[in-house]
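**Student:** Here the protein sequences line up with chains A and B, keeping their order. Each residue of the first sequence is one higher than the one before, counting from 1 in this note's numbering. Each residue of the second sequence is one higher than the one before, counting from 1001 in this note's numbering.
These are computed hints drawn from the structure, not numbers from a lab. Virtual Cβ for every residue (Gly too), placed ideally from N, Cα, C. Keep in mind that the hints are not guaranteed to be accurate.
As the list claims (entries may be wrong) - Computed list of lysine-lysine pairs in DSS-like fashion (alpha-carbon distance at most 25 Å, straight line):
no., chain 1, residue 1, chain 2, residue 2
1, A, Lys7, B, Lys1223
2, A, Lys232, B, Lys1023
3, B, Lys1023, A, Lys4
4, A, Lys235, A, Lys303
5, B, Lys1223, A, Lys4
6, B, Lys1131, B, Lys1223
7, B, Lys1209, A, Lys232
8, B, Lys1232, B, Lys1265
9, A, Lys349, A, Lys194
To be verified - Here are some chain B residues the structure puts well away from chain A; computed CB gaps all over 10 Å:
no., residue
10, Asp1011
11, Lys1013
12, Glu1071
13, Leu1152
14, Ser1220
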Amino acid sequence: MDPKFYKFDTLSLHGGHRPDTATGSRAVPIYQTTSYVFQDSDHAAALFNLEQGGHIYSRISNPTVAVLEERIAALEGGTGAVATASGQSALFSTILTLMGQGNHIVSSASLYGGSVNLFKHTLPRFGIETTFVNPRKPEEFRQAIRPETRLCFGEIIGNPGLEILDVPSVAEIAHAAGIPLMIDATFNTPYLCKPLELGTDLVSHSVTKWMGGHGVALGGIVVEGGRFDWEKDGKFPTLTEPYDGYHGINFYEEFGPQAFSMRMRSEAMRDFGPAMSPQNAFYLIQGLETLPIRMEKHISNTKLLLDFLQNSEEVSWVTHPSMPDHPDYELASLLLPKGAGSIVVFGVKARSSSGGGREAGAAFINSVQLASHLANVGDAKTLVIHPASTTHAQMDAETMKQAGLTEDMIRISVGLEDPNDLINDFKQALRKASKAVQKK
Amino acid sequence: MRLNVNNAANDKKNEIFATTGGKEFNPELPAIIFLHCAGADHSIWYLQTRYFAYHGYSILAVDFPGHGRSEGEFIKSIEEMANWIPELIRAAGLEQASLVGHSMGALVALECAARFSENVSSLCLIGSAAKMPVHPVLLDASLKGDLLAFDLVTSWEHGPTGHFGHPPVPGLSLLGGAQALLNSGPNGALGVDLAACNNYQNGMNAASKIGCPVLCLSGSQDKMSPSFEGMKLAEAIPDAKFHIIEDCGHMVMLEKADECLRMLKEHFQSTVN
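Using the sequences and the hints, build the whole thing.
**Tutor:** Written out as structure tokens, the structure is:
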């Protein structure tokens, strides 16, 4: 018997929204307002005391942003979601919702450079330390967990090394220690993999990337799984003990499987203020509507580009988790059966003894015409970058090594162009890069 | 709040959990006890309990034995659950309370008010019917612990607000919340509860014996306890009020929380005081 839930493609279009009852607007309206008129003083007091649901002020919630939140919560299979101004503010707000001074995080070392900076350089100033571990060795998570650890963190598809995290194993290790697992799922989107179904407790995204998909608006989100027992080991007093900021409310007791979302909105959004703008939410909602068909094309273009790069004489190496020689090929096939994302990394062959791969890579990037050289991923357009000199430039040599980064590495975010045009662009850029290095 | 409540079904005292809506429980105030549906716990009531706790009432949104944070064995029939309510009332230091029940909780409230009129000052029955036969596929799956049961309940108990979204609290997912609640519940709770609902046959008889003020609320698109069944029950209860909440499924207190709260406020303002 089919329970008849709306399926992924339908939720991408309809989740969180029904035609506006006041105007009949089919599109999600942009509620460009800071604040909302109360029905009366009793209603106002009830909203402020979390006795009733509703909007008070757009720093805390907004009707357009709420559509995005509910849609992504539905796509991920979560109990709720809180959208933020960026993926980084989603991560920071999550951490501050869960822990404080003296606590500790165990994180995969293969992360977006901004997240590494946050963990390594910024959070220690607030008394929160992080131990980085090899994403290919789940046992290292277990070994790094301390009594004060409050979060295990990773990306399913590591950035930029493309290591695949064994999410079910890490979740089991984290849960055995009474700790939640949070996954930054930006690179996979719920179309390719739903981390909550693999045992993850919190999922975050930079919605700016594939979810929005057009490189026009920043946004982040955290989705709650609702199955983690915050109370069992007494490690999360922000959720399980009275909070004076709301008349002594106990979030887990009151809101059960939605406790984290309620606490994050009630405190992090109220006090730190990383709100997403309704205009950005609108753009991101437009992107979400076509997420399934875009992801399909991202994946098919990635396959064709991989075929080309593997057979190119100017390419010294290329890797992607869908390639049988990738160390995580089998795990990727299991966790990401529809495709292992549309990020490809490769090295341009150095042709002379004096010219290294770094120079060849730079020459390649300077020669592409269709692909854009910029610091983003997940756009509809193909993007290229040299991580060692840009997104991950703040890393020292050891951290770069831990993150699987090499000096010659080029990262491609494969877009939706006609694959033949894309391959032709890469062909001519590789040829020029090869000649440029040979001339030296 | 934790209470030691006697369970006559097995003659054991169990530690029972009830949320008080964020305020300290004061037995001197008019008390409202909220009773949850099959397989659930107190958290389904958060959009009503906190309001009443801050507006002059004492609240107990209870987890039935073996559910949520309450200890003890499951109570296996509506009649035995009804017998348990006066024990809860006494354990809380009360003589009388208003009962608000949803679905299975509504059957318990109905049967309790018929048996123990001296303990029940008023009733609100949400998503209710005199009989609640359970679809055999669902009942079978729930008794076997098959996860299909969670999916079927989640799907059937929600109307358009659940399936499309746009719930009263921004950013939350009603379907996701229901799935998580059912999944995190104790093994077997849903099956035992649904069997109790399926076996209950005394609804119309109990209805005729009710002497306190009663409000019945039904969702217009309720697939679990259709509104016409709710209306039949209301018609059998002397002087009961019946109200249909439009565009709403079985989970009235979550899907249309504000309208549900408004109806409850009117009910208690006109009856309890």
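**Student:** Each hint needs a verdict: does it hold in this structure or not?
**Tutor:** Okay, the hints, checked on the actual structure:
no. : hint                     : in the structure
1   : Lys7/A with Lys1223/B    : 20 Å, holds
2   : Lys232/A with Lys1023/B  : 23 Å, holds
3   : Lys1023/B with Lys4/A    : 40 Å, violated
4   : Lys235/A with Lys303/A   : 45 Å, violated
5   : Lys1223/B with Lys4/A    : 13 Å, holds
6   : Lys1131/B with Lys1223/B : 14 Å, holds
7   : Lys1209/B with Lys232/A  : 44 Å, violated
8   : Lys1232/B with Lys1265/B : 24 Å, holds
9   : Lys349/A with Lys194/A   : 37 Å, violated
10  : Asp1011                  : 29 Å, holds
11  : Lys1013                  : 22 Å, holds
12  : Glu1071                  : 15 Å, holds
13  : Leu1152                  : 5 Å, violated
14  : Ser1220                  : 15 Å, holds
Checked against the numbered hints above, the structure violates hints 3, 4, 7, 9 and 13; every other hint is satisfied.
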